[in-house]
Structure formats: C-alpha cells, structure tokens
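Sequence lines, in order, name chains A and B. Following this note's numbering, the numbering of the first sequence begins with 1 at its first residue and continues without gaps. Following this note's numbering, the numbering of the second sequence begins with 1001 at its first residue and continues without gaps.
Do not rely on the hints blindly, as some may be mistaken.
[To be verified] When the alpha-carbon atoms are kept at most 27 Å apart in a straight line, the in silico BS3-like pairs for lysine-lysine are as follows: (1) A:145 / B:1171; (2) A:182 / B:1043; (3) B:1302 / A:79; (4) A:221 / B:1300; (5) B:1302 / B:1398; (6) A:145 / B:1264; (7) B:1398 / B:1300; (8) A:198 / A:165.
None of these hints come from the bench; they were simulated from the model. All values reported here derive from a predicted model rather than from experimental measurement.
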Amino acid sequence: MPANLSARLCSFALSLFLIAFALPAFAGPFEDAVAKFANDDYSDTEEAIGVVASSGNTLAFPIISALQDGRLMADSDSKKVYVTGADGKSIDAATGQPVASVPDSASAVRLNNRLRRSVDAALGSLTLQSPDLGTRLQAAQSVFKSHEETALEAVDGALAKETNKSVKTALGEARAAILLFKPDATEVDKLEAVATLKARGDQEAMALLTGMGDQPASVTKAAASAISSIQGSLAVWSTVQNAWYGLSLGSVLLLAAIGLAITFGVMGVINMAHGEMVMIGAYTTFVVQEVIRTRYPGLFDYSLLIAVPLAFLVAGGIGVLIERSIIRFLYGRPLETLLATWGLSLVLQQAVRTMFGPTNREVGNPSWMSGAFELGQITITYNRLWILCFTLAVFVILLAMLRYTALGLEMRAVTQNRRMAASMGIATSRVDALTFGLGSGIAGIAGVALSQIDNVSPNLGQSYIIDSFMVVVFGGVGNLWGTLVGAFTLGIANKFLEPVAGAVLGKIAILVLIILFIQKRPRGLFALKGRAVEA
Amino acid sequence: MLTKSTHDIAASFSRRGVLAATAGLMLGLASLTGAKAADDTIKVGVLHSLSGTMAISETTLKDTILFLIDEQNKKGGVLGKKLEAVVVDPASNWPLFAEKARELITKDKVAVVFGCWTSVSRKSVLPVFKELNNILFYPVQYEGEESERNVFYTGAAPNQQAIPAVDYLMKDEKVKRWVLAGTDYVYPRTTNKILEAYLKSKGVAQEDIMINYTPFGHSDWQTIVADIKKFGSAGKKTAVVSTINGDANVPFYKELGNQGIKAKDIPVVAFSVGEEELAGIDTKPLVGHLAAWNYFESIKTKDGSNEKFIKDWQAYTKNPKRVTNDPMEAHVIGFNMWVKAVEKVKSTDPDKVIDALPGIEAPNLTGGVSKMLPNHHITKPVFIGEIKGNGQFDVVWKTPGLVAGDAWSKELDGSKDLVGDWVGKKCGNFNTKTNKCLGSGS
C-alpha cells in the first residue's frame, strides 16, 4: 500500500508540476500569438505582431525589437520561439525563461516590407517613453508614419511626460497625423491637425494632407490651403536642391577632369587613357580595402585616407612609365598620340579585367561617407559633401603646387617655352615625365573618390573620359581656373535641365550647347593669352 | 649608309616574315589536327562578350556553357561524341556579333550557338542564323515581341517577369502609384509600354504613373531619386519598377540608400538585378528591395538539384564564393533541352533539331520541369525575392505553377492577336483574327 500511495502522490505531484509548467505556454492570447511566429507565414506573423504589441506584456518590447533585428528565432517543429540577445544569451519568448541554447532547427523569423512597417509601427508605440532621447524621437517619427489610431493613447501619455522640445514637436505631429485619419475626431481637432502639419511643411506632411480622404468641408479647405503653402515653400527648396545637386555633379566632373587638365590642358597630350588612370585609382582603393578587411578590420574607416596617397603613387607611377615608354616619342603628333593612348586604354582595361575579373568589385563606404542629413527641406548626402570638399582641396593643393614649388615653376616654364627652359638648365624630359605622372596621379586620386559613388569595374574610366574632355575644352585648355568654372557650370546647367528635359535629353542639350559655345569661342571660357602652348 | 640601313630594315622584315610564316604554318598545322579531331566531336558555339561593357554579365555565361559541356562529356557526350566548345569574343560590339556568328557557323561548323545578352546583339545576329539556318539559344529576359524559327528563348518574356512582379506589388504591397524607371534602350522601353498598358487596364490613372529614362551607365542619380521621393509623397503607396541596366544600378541603389529611401517606404522591384550585380554592392541599406526572376541562388529544392548545381559550379570555377543567377539557369535548361532534342532525332542537323525541340522537357533548377513551347519560349516559375543583407535573395512570393512564355504581349494593341507557332502553323507571328501569317517573324 505505501508503495502504491507514494506512486500516486508522485504522479499527482508530477501532474501538478506539469500543469504549472504547461500553463504559461497555453495560457492566453499572448502565448498563442507568440507561437504564431513559428508558422513561417507572413499573415500569421502580422497577426502575432499586433497581439504581442498591444498585450502590455513586458516581453513585448524584447520580442518586437528582436524581430526587427532578425534575432527572433522560431522552431517550426516544436512551435517554440526564442529571443536571442546581443550578448548571446537567449530566452523563451513566450515565458521569458532563460534557455541554455536555441535548437539548431530554429531559424530567424522572416519579414517582408509589409511586416517591416507593422514592426516599425509597433515598436514606435512601445518606445515612445524610452529613456533614450534618440529612440523617443525615432518612435514619434514611426508613429507619425504609420498614424494608426491605436497609438493615440500612447502618444497622449508620452506627450504629457515629454520635456524635450524636438521630441514634443514630433509627438505633436504624430498626434496630428493620427487625428487627421481618425474618422470620429472632432472638426476642431482636425483643423488643429492640419495647422500642425502645415507648420511641419515637408513632403511627408503633404503626403498625409493629400491622401487623407473624405473630410468635413472646412478641413478640406484648410488642407487645400496648407498644401498650396507647402508646395510654394517646397518649390523654393527644390531650386536650392538643384543648385546643390549641380555643385555636387560639378565637383565630380572637376575631380575627373583635373588630372586631364594637366596632361591635356598643360602638356597638350590628347590622353585617351586618362579614364583608365581613374579606374586604376579605384582599383587601388579596392585592394586597400581588401587588405584592411582581411587583416585589420578596425582600420576600415580610414581605408580611403590610406588609399589616397597609394592611388596617387600607383597611378602616377604608371603615368611616368607611359610617358617614358610611349608618349615622349609622340610629342607634337596629336593624331598618333590619340590613337596610341586610346589603344593603351583598351590594353589597361583588359589587363584589369584579366586580373580582377569582369564583374564589379565591392568598395565599401566608410561610416562617415554613408547616409545623409537634412538641411531645411533638402537632403544632403555625406558622400557627395565629402567629395565636394575633397575636390576643392585637391584643386587648391594642385594650384599651390604649380605656383609655389620649384617643380611647379619648372612645369610652367617647360610648357610655355621648352627651348628657353632647356637653355636655362631645366631637364625638360624629366619635367615632362613628372608632369604626366602628376596628372595621372591626380586622376588616380579621383578614382578613390569616384569608387564611393560609382561601379568599380574595368569600364569605370570610359564613362568619365568624354565628360572630362568636355570640361577641359569648355573651360579653356591650359587654364586650371577654367576647368573649375567649366565643371561647375556644366554641373549646374545639367541639374537645372534634368528635371525639365529628363536625363537623356538634358545630356544631349548640354552637348549641343557646348558645341555652339565652342563655335563661338573655340578656346573655351578662359582662353590662354599670350604665347600659346608650344606644340 | 642610307642603302645599308634600308637593307637592314628589309632584312629584319624578311626575318620577321620568316618567323611569321613559321608561326602561321604551325598554327595551320594545329588547326588541321584540330579539324581532324573535330570529326568525332560535336562543336558548340559560345557567342558571349568577353571584353567591353557587357563582359561584366556575359563572361559568366561563357563559363556556364563550358561547365555544362564539361559535365556532359563526363557523362559520355552526345550521340557517342564528345562536345567541343568554340568560344569567340564579340567584344560588346553589335556588328561584330553578326560577324562572329557567321564565323562560328561557316568556319567552325558549329551545331548550335549559345549566346547574346542585349536585345540589340540578338537582333544583329538574327539574319545570320536565318540565312545559314543554325540554332541560337538566347538566355536573357527580354522584351518579347519576337518569335523566330532559328532562335530559342530560354529567358523570361515580359509575362514571365514584369507582369507577375507588378501583380505582386498591387496585391501584397497595395501599391497605387508607379514609377517606371529604365535605361534608354529597347528592352526597358518595350517593357514599360507593356506595363503601362497593363496598369491602365487595372484602373491606374495616367497621373499615377511616372516614366523615366536615363542614359547607359548613368551615375548621378540625385535628381531622379529626389523626384521619386517627391512622386511618392502624394499620399498613395508608391513603388518603383526598375528596368535600369546592369552598370547604372550600383550608383542608383547607393543614392537610394543614402537619401534614406527604405524598401518599406518605396520598394524598388528590379528586372535586371541579380546575384551577380549585387556582388558589387554593400546590400545592407537595400534590404527589402525586390527583384523578379525565374531562379534565385537561395532557392532550396526538395531533390537538392539547385544545391548540387551550385556546389558543382563552385567546384568547376574553383571559387567557393562564385554566385549563380537566372540567365545561367536559362542556359542550363536550354543546353539540356538541346541535348535531349539531338538524342531524340539522333542528329545535330539544325532542321531536325528545330522541329524536335518544341515539346522537349528539361528540369529547371528550382525543382520543376520546363517545357519548350511551339513559340520557342519555355515555361518557367516566377519568383519575387527580397534583397538580404548578404547579397542573396529571400523568396517572398512565387507563382503557383509554371507560366508559359508569350512571344507576343497580350497588353499591346499591335501584338495581342499574334501568336508564334512553329509546330502547327509554321509561323512566328500568326494573326489569330485574320488567320494569316505575317511573315518575317519579328
């Protein structure tokens, strides 16, 4: 009997134990919802996000944020869902109990764009009162974007506690967006919402106002006036934006052309292989980044700074080699130079294609080259801004070098009057080689910058060679300032034409304009006065 | 002095002449022995650019055919003969494509040619294949509106890529406003014409469609991306349908990422961006943007055929990171179909093989079986994939079954009554309304 009794007690205890553990797993809608993550079905996941986010459960935030980062693991066989932390520790998503390890059969819950929007909206309302300022601001912005009615309470709660001014504004805007789309909001609330959005005055505000659907007459009227006022201010901003895009395109043109301004502009060599020097610079960047990636990953943000001098040396070295082995035999024979350098450009392209393969090579953007910031209503991307600064710096350094260094003086002397320079004791052939090397080296530097915005492929140079010649000829051969003004003029003209005429027609229009201009002034914007470059 | 030096030059020239002659003789001998060996091999022409702008895409396809021939020869070849590849380089130069095609057929006497990428290169070789009556397998998605007796189209027709992609965006993403952005040449222009007609038939208003073309290799996308952003802020869900060609894509996606346009706000669905193209970009800012293809490297198959293909391919190329893509799969299907047709008629005679090909089935790499249709297009599944952070795609949608390729688009007025039928009607552009064959084929 006692044995029997103990067995019974035992089984009773066991069943109690089982119930105690089984309960949380099947207890409520929260646990059911969490289990749905394991179905690997987008609509089930969406449903689960909604239930979990509005559950008020303390696990809601860790689950949803893990889902966003791809750290929510689900096992479709056992229907178990786990949250893996950044520290490598994992918990059971339904119970919050720590687990020793996530089974191998579990995989990250998949998202598509629709779900990413739901996740953002859910996280938005969950993090409105986060202690971190940036998170709160982001949360307010996600709520603004999703403007779902369910978030109103959370927004009101957060507004009451918020002390930071910019977060408060963002919350106010989020509230306005919700009210505008809430069918049963009062007319007064809606009018106030329209006013708030009008004050925000950007494209997103306009999107909400245009897409708000049926509204009372007074609200529709207020919205229409708000839209036209926003449109007015956006039109002004779009002019500013075009000007900025023009400057940015101009800086790219200048950067690509500046080396050619030396080899073609100053030396008079029709250098069709100029584009390939740019390409070699870009590939140098690639090689530098490859080495950094495999050996010193911590240095990645400095990769461009390391690549700049190397690209200058590599491209410059090849330039000197080309000058010594080919171009020096062809001075004064423009047609042969053109053909020889064109052939050389094909040889260099194919050499790079053989060495690195025909496909694009990945050159990463360091963190300081990625992203953008808002200036009023325009977006300025960091990579373009840095390229503009870099171009101007290269230009100034080059100008200073030509003006203040002995080599610069010799270069100018040789190109202006070779025989006189030679009789003054300047080794003209050495200066020729160095000048060509300098032009090529600068093209190489341009390649480092261009690798940040364009493909790094063997064809990289081809796309810049025509533009570069255009800039140099337009600006006036032999004049660096002409190249600068020419590049920026073409860039800005192009960017103001593009919205009107489209990219294809815009480019054609620019070419036609240049042809007409060259007909009128064959020597470009800034013709070199006095003794012309000796042939 | 003068005479002497001229004599020297002449001497050196003749010495060079002797050298050249010897070299030529040796080459000639080599080609003679080659020709002798060729009697018991079947020659397969490979017409893909290995230099110039298109080398970026086409070199891989050349390697694919070499790989397939290698595999086939390991299995004993075809009809008891080994296959022998004849590789030529048309150098991304359209007229050169026609020249090289002629050289392959008349000089090398190939039994079949696998080649071309751009539509303009295909159009350039068409007359050659018709005149010399040979077979071309064309592996790339294209604009349709063509059905030729000598060409077999193993890439997607617009109804096997563009239309399903738009359907997906309409249904799943509830897109109401459309940007059709493309490079300015025949494929994007025709595809966009078809898409525009299709969208309008679905009730999309003209003002909700923005069409934008850019030159080849366009690299400054600032204005266009800002325009897209502006177009997308009209309070309706907006998407971009991109027929932007290869090289221009990298700066386009970089600009999208930098200007903060996320896939969840304005998704971009691309028809020319695959695993190879993504290999040149950091894809983290692009996660969620879409591509429509008939094959993705990441697709898992029940019978493991895709996994095996990837493994064998990486072993063949000795590169464990080498990716696979859709046009490669098209070549795999086309090659196997050709092998089956040749084995069926026990001959490589082009006329016999052309007649045997329609109806031939070959497994594709995604677990299904594709079939050659009477209009010389094939049946394919359509997949929509989302870009992942590692440069691969995650399939988010697929058609329930295989989609038959339409040679002539049902959306365009000029072509909706046409069908290609090389089995019954023996005609590439048969008008079903007037019951007449229009002739030429394209």
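TODO: Would you check the hint for residue 145 (chain A) and residue 1264 (chain B), treating anything up to 27 Å between C-alpha atoms as holding?
DONE: With Cα atoms ~11 Å apart, residue 145 (chain A) and residue 1264 (chain B) stay inside 27 Å; holds.
| query | Taking only the CA atoms, is the gap from residue 1398 (chain B) to residue 1300 (chain B) under or equal to 27 Å? | reply | holds, 13 Å
**Request:** Take the C-alpha atoms of residue 1302 (chain B) and residue 79 (chain A), compute the straight-line distance between them, and say whether it is at most 27 Å.
**Result:** Holds. Residue 1302 (chain B) to residue 79 (chain A) sits at ~22 Å (cutoff 27 Å).
Requested in this report: Verify the proposed pairing of residue 1302 (chain B) with residue 1398 (chain B), using a straight-line Cα cut of 27 Å.
Outcome: Within the cut-off at roughly 16 Å; holds.
Self-check item: Pair hint outcome, residue 221 (chain A) versus residue 1300 (chain B) [Cα-Cα no greater than 27 Å]
Solution: violated, 55 Å
- prompt: Taken at face value, is the distance from the CA of residue 1043 (chain B) to the CA of residue 182 (chain A) at most 27 Å?
  reply: violated, 71 Å
### Query
Between residue 198 (chain A) and residue 165 (chain A), does the CA-CA distance stay at or below 27 Å?
Holds, at roughly 18 Å.
query = If you draw a straight line from the CA of residue 145 (chain A) to the CA of residue 1171 (chain B), is it 27 Å or shorter?
reply = Given pair residue 145 (chain A), residue 1171 (chain B) holds - Cα atoms ~21 Å apart, limit 27 Å.
This entry does not satisfy hints 2, 4, going by the numbered hints stated previously.
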